[in-house]
Structure formats: C-alpha cells, structure tokens
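Based on these hints, arrange chain B on the given structure of chain A.
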Amino acid sequence: MTRGLAAAAALTLAVVTALIALTGGGPASVLRHGFLLPVVALALAFGRLGGALGTGAALGLYAPVVLLEIERSGLTPETIEGLVTCAVVAGVGALGGALTTRARRQRARYETILTVQRALAGATPLEAALGRLRTVLIDRLRAADVGLVVRDGAREVVAGADRVAAGSVAAGVLAVGTSVFVPDVGEGRRPRRVFATPLLVAGQPIGVLAVERVAELDRDERAALDALGVHIAVALENARLTSRQRRFAEELERSVASATRRLEELDRAKSAFVAVASHELRTPLTALQGFSEILAARSLAPEEVRRMAGIMRAEAARLGRIVSDLLDLSRIERGLEPTLHRVPVAVEAALVATADLFRRGVADTIVVDCAPALPPVDADPDALERILTNLVSNAVKYSPPGSEVRLCARRAGAMVEVAVLDRGAGIPGDALARIFEPYYRVPATSTVRGTGLGLAVVKALVEAHGGVIHVESARDAGTRVAFSLPAVP
Amino acid sequence: MWALVRPWRPGTRPLLADTPTRLLVAVACVVVAALVLASRTPLPTGAMRVVGVAAGHGALLATALAWAGCVPGSGVVAIVLLAAAAAAATLGPAGALAYLAVPLWVAWLARRQRLVALGLAGPVPRRALLAAVVLGAFLGGHLLVSASLTLGVHIRPVGGAGVLAALAYDAGANVLAAECLFRGALFNRAQRRWSFATALALATAAYVARYLVDPLLPKSVEWVVGAVFYLTLLSAGNCWLFWWSGSLVPGVVSALVFFAAYRLLGTGG
Chain A
27 MTRGLAAAAA LTLAVVTALI ALTGGGPASV LRHGFLLPVV ALALAFGRLG
77 GALGTGAALG LYAPVVLLEI ERSGLTPETI EGLVTCAVVA GVGALGGALT
127 TRARRQRARY ETILTVQRAL AGATPLEAAL GRLRTVLIDR LRAADVGLVV
177 RDGAREVVAG ADRVAAGSVA AGVLAVGTSV FVPDVGEGRR PRRVFATPLL
227 VAGQPIGVLA VERVAELDRD ERAALDALGV HIAVALENAR LTSRQRRFAE
277 ELERSVASAT RRLEELDRAK SAFVAVASHE LRTPLTALQG FSEILAARSL
327 APEEVRRMAG IMRAEAARLG RIVSDLLDLS RIERGLEPTL HRVPVAVEAA
377 LVATADLFRR GVADTIVVDC APALPPVDAD PDALERILTN LVSNAVKYSP
427 PGSEVRLCAR RAGAMVEVAV LDRGAGIPGD ALARIFEPYY RVPATSTVRG
477 TGLGLAVVKA LVEAHGGVIH VESARDAGTR VAFSLPAVP
Chain B
177 MWALVRPWRP GTRPLLADTP TRLLVAVACV VVAALVLASR TPLPTGAMRV
227 VGVAAGHGAL LATALAWAGC VPGSGVVAIV LLAAAAAAAT LGPAGALAYL
277 AVPLWVAWLA RRQRLVALGL AGPVPRRALL AAVVLGAFLG GHLLVSASLT
327 LGVHIRPVGG AGVLAALAYD AGANVLAAEC LFRGALFNRA QRRWSFATAL
377 ALATAAYVAR YLVDPLLPKS VEWVVGAVFY LTLLSAGNCW LFWWSGSLVP
427 GVVSALVFFA AYRLLGTGG
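Quick note, the sequences are listed as chains A and B, same order. According to our numbering, the first sequence is numbered sequentially starting from 27. According to our numbering, the second sequence is numbered sequentially starting from 177.
For reference, chain A alone in the conformation it holds in the complex:
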C-alpha cells in the first residue's frame, strides 16, 4: 500500500514534469498545479517526512523550469507565478506533513493510554502487571527498552532489571521526583536516548518509567511521556489498591474461616465440657449423698464413721476445686485477672504440703528437691496451692502407678522456677500448643477424670503473678511443667 502510493506519487511527478517540458508551458503552465497532488498525498500518507520528500522532489523538478525562465526573462508575471507555486507547494507539503504527523502522534498517545489501562486492568499481581505493561510499552513507544519501577510499601517492584542500582538514572528520578533526559548513553553506533519520568501520585513519586530509544526523542514526545507517566501512575495506583483490597479480602476470609473453625471447636469443647463437668460434679455429690444417707440411717463403728467422713471430706474438697476452677475460668473469659493477695511464701513448705496431699500408699513416690537457700516468692498462698495441686494432680493422674513424680525449685535470676516432672506417657507434639486452652483435653486421655480447665486456670494464675509457664514433653519419657514466680528481693 505505502510502496504503491510512493510509486504513484513519483510517477505523477515525472508525468507532470514531462508534460510541462513537452508542452513548453513554462513556469505558468496550468499543469504546475499537478505537483500539489503527490505532495499532499505523500504528506497525508507519511507525515512530515513524506511531505518533506514530496516537496523536495516537486521543487527539484519544477525549480529548474522556473529558474531557467528567470535567467532568460527576469521577474515576469509568469516567473512570479512559478515562484508562488513553489512557495505553495513547499507550504502545503510542510503544513500537511506536520499536521498529519501531529494527528498521528496524538492518536498514538490515546491508543497507548488505552493500552496501558487494558494492561493494568486484569486481576494479576503487580509483578505480572508491570511485566505485561513493559511489553506493551516497548511496542507502542517503538522503544529499544522500557524499564518500570514501582514502590509497593517497603519493597520495589522492578520490570526490566533485577533491581534499581544506586546512582542510576531511575534511582535519581525516584529520589528527586523530576524527569531526566540523557541524549546518549554512550553505547552503540547510534545514539541511544533515555528518558526517565517519575510516576507521581499526589505529588509523590511512587515509581519511574524509563524509555530507551535508538531514535529521536524530541521535546514533544518527552512531554507526552510525562503525561503518560501520570496516567500509568494513576492506573498503577488503582491496580495496587485493588490488589491490596483483594489481599485484605482474602486475609479476612481466611481469618473468618479460622475463627469459625475455632468457634466450632470451642463449641464442641464446651459441649464435651458440660458432659464431663456434669459427671465430675455428680460423682462427688453421689458419694456425699450416699455416705450421708448411710450415716443417717445406720449406727456404725467409730472407725467406719471416720473412714466415711474422710471420703466425704475428700469429695467435698474435690467439688470445691471444680467450682473454684469454674469461677476462675469465668473471670478469665470475661478478661479479668484472678484476685490475688500476695505475701512472701516459702516455696519449699508449699511443695512439701502439696506432696503430702498426694502421697499414695507406703512407697514415697513424690520427691521434693529444692535448691538450698531458696528465697520466698511474692505470691498468693491460695493461688500457689491451687497451681501446685493442679500440676501435681495431673502428674499423678497421667503417670503409671508407682512411678516417681518430682517437684523441683531453684532460683532463676529475680524469679524462682518451680518444675513438676513425671514419667508418664508424655503429651503428643500437636497437643502441646493447646493444653493451656480452656476445655481442651488431650484426646488420648479421655478415660482419665478431668474437666480440661486446670491448666488454663494455672496459666492464668501464673501470669497474674507476672510469671511464665511452659511445658516440655517427650513421648514415653514424661513431662516437665515449669513455672516461675517473682522472688521476694
């Protein structure tokens, strides 16, 4: 198409020139207007270059006719007409070419902006969007290379290189926020122009668009690239916000799903707890009721009465502990800390008292091992007793009969660390992280009596003292639960 048009224009010029020469019309020949046709056609088809080449060719062919006549006859009306025709041809060629080039550039800019918006419209990560945009811009801008840098929070997403080097043009534009034009990067046989413009959002540079071209990059095109940078910045900002919103929505969805799962688990745990607690409450009540009825209905020997009273006292104490745990848990769930009345408490005495409470049979399986000169702790005596009772109770319950349970205490800086060790079956790894959750019970221990509240209450009590608690456990090697309480200075 373009070659055909160029050939037709050249042919027209040759025919018009030949006709003027053959008819002897001279500079005022009516055929001279025929030079305008190919000039206009070339200007419309090829823009500024076409207009210039068409004008040059037309004047090159027509000027000798006019100049020859001027040399022969001087300035006559005919030669003046010829000169005017030369001026008209030159003006039409230059103007038509310039307007065509300008209109094409304008159209190309609008198309580029549309292409940019399409490239960034898809729901893709920023890296992929930048890569796609770079490919599109290389094609649209007829560039040798295009680089894009966008700040996304603390990170920089780069297309066209691995990273932005310190001291580079892009780094400078990012720092200062103004465009930079480098007429030649100093490599290659032809000049490589580079123009880098900031991508501004609310006056702040969020990135850089750098264009490298082995051709002209004139002032108009640089201004157009500045404008394109603004469009890209807005489009990128929209894409970034959309991406961020999408990430937020996904995170929210995951959080809701996680919370829902947790609530469901909690609901199941509470249902299980109700069943267990009912059983745990009913058992001592049944014992109390049964023994009290026996005592009321029969006359028993004093030893038998004492035995039954002892059982009733133990069951009542057990009932009291369950109720205390429930009350503490209620406070914890309402976000309240347990009420403490802190005084200096001798740790060794507390450990010995707890050990005495749980000693079974003749064999002394609960060992107390305290470091010498242990300072007292700043603690609530009742709370400490409940902590120790819970931990030792667990150690005894989950250890084989006759195995050793060891209570240790030592100084650890400003704290006193107390540890309860048993040689039981241990706690599975996946359950370790959850054993301090209220209502949670290790699945394999469902045959052992318990409410799932004890360790949650222990943790709350320890933390209310400003201490910490942690568990170490190994399969079939036992469990070590250690907590710390502040020592009295």
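Since the hints were made in silico from the structure, they are not lab data. All values derive from a computational prediction rather than experimental measurement.
Some chain A residues well away from chain B (every beta-carbon gap over 12 Å; in silico):
| # | residue |
| --- | --- |
| 1 | A34 |
| 2 | V66 |
| 3 | V142 |
| 4 | G179 |
| 5 | R270 |
| 6 | A335 |
| 7 | V371 |
| 8 | S425 |
| 9 | R432 |
| 10 | G492 |
| 11 | G493 |
| 12 | P512 |
| 13 | V514 |
Only some residues are given here: those of chain B computed to face chain A with a beta carbon under 7 Å:
| # | residue |
| --- | --- |
| 14 | W178 |
| 15 | A179 |
| 16 | V181 |
| 17 | P183 |
| 18 | H318 |
| 19 | S322 |
| 20 | T326 |
| 21 | Q367 |
| 22 | R368 |
| 23 | R369 |
| 24 | S371 |
To spell it out: a stretch of chain B is covered by chain A in this simulated footprint if at least three of its residues, at any positions, have a beta carbon under 8 Å from a beta carbon of chain A; those stretches are:
| # | region |
| --- | --- |
| 25 | 294-306 |
| 26 | 417-424 |
Every residue, glycine too, gets a C-beta built ideally from N, C-alpha and C.
Chain B in isolation, oriented as in the chain A frame:
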C-alpha cells in the same frame, strides 16, 4: 536496562574536546610561511596547491582522527600522505592516484577498531548504501541538468584523465576529509548531545561554510547559490544516512557519487 542498572552522572565532555590544537597551529604556521615565501620569491608550479591541499584537508582529517581517539601521529601521517599525493598530482593526472593512499591509511586504522567513534566499524547496511547511491545520483543528476540549463556549462567526456584525477582527489582528500570531520566527528558528537535537527543544522552549516571558503569554488553568485543549495541537501541527506545506518560509509558513497557528477561539469579539480 541501562537507566535502571548503570550509574550515571550528569554532564558531558566539551564538543571540541581532543582537538589537536598544536598540530593545527603548526599547520597554520606552515601555510603562513608558504604565503610569505610565495609573496617574496616565485615558487615552483603547484607548490601552493600542495600546501593548500595538505593543510586544508589534512587539518580536517587530523582533527577527525584526533576526535576519534587516535594518537596525534595518525593525523600527521594523513597530512604527509596528502602532501605527497598533492605533489605527485602536480606531475601528471596519473600522479593523482596517490591520493588513494589516504583512504587506505584510514581503512587500516578502521580495521584496527580505532575509528569506531567516526562510524567506521562494523558492517554497512546494504539498504543504506543503495539509498546513498540514489541520493548522490539524484543530486548529481539534478546538478548536471540544472547547471547545463541555467549556466550553460558543458559535460566533459567520461573517462578523461582530468576527471579520473579529480575523482581520486575527491576519494582521497575532498570527500574523505569532509565526511570524516563534518559527519563522523562533528555530527556524531552533536547528535549525542542534542537533537538530530540541531546536530544536522550545525554539521550542515560547517560543511557548507567549508566549501564556501574553498578557493577552488567559482565566486559568481550562481555558483555560490548552487553550492549552498546542493551542499545543504547533500549534507542533510548524509546526516540522515549516518543517523539511520550508524556508519560513515554511505555518506562517503553519496558524496563521491555527487562529486563525480560535479566533476563532469569540468569546473572542479
């Protein structure tokens, strides 16, 4: 991408950096001395032409070579070769073939990658060579037609010894020196600092000025206007060829074709 990974500092070297000032001053002194000598004693025939050719074209070529980064000795060699060729040319038309030693010297430098900055390295696009021949032929043909019509000059018979000597002079001195300096050195430097249009205007103005001060150009108005017209178009075309191809060779070819047509008018050499 360069703009992202390569360090950059604003600022460029001066346009006239690396100009061999001492060599140019020495050449100017030789010319002045020759003029003084010629004014006092009669010199052998053609002596002033030898000095003029060696000094004029030699200064242009030596400057271009220096701008390309060659050692000053390269420019001196070019001047000596030009002087020798000009002296040989005074002995007869066949002696003008000695001018071809200069392009051989330039080609030798180019083969050693010393003239990369002048666009004399790497392959030359065939399309650029074709365009150069078309450009030179169009301008030369136009010159022949318009000059024969308006100025009444006659075309020399093709193959005449004088024409061949003139062609050798163009290839070895006139075209080579002008294209090396005004295209390979000046235009190339300017286009790497400013826009193509600015570089073209600067190189063309310098190119046209160089021919306007040439003592061999007839000083009638018609010839001066014609020279300005054709040399402006030739320079613009050659700048575009250099910009398009990145090579100096197409410009040299188009200028040789144009000057070949010009020599047919019998006014050169």
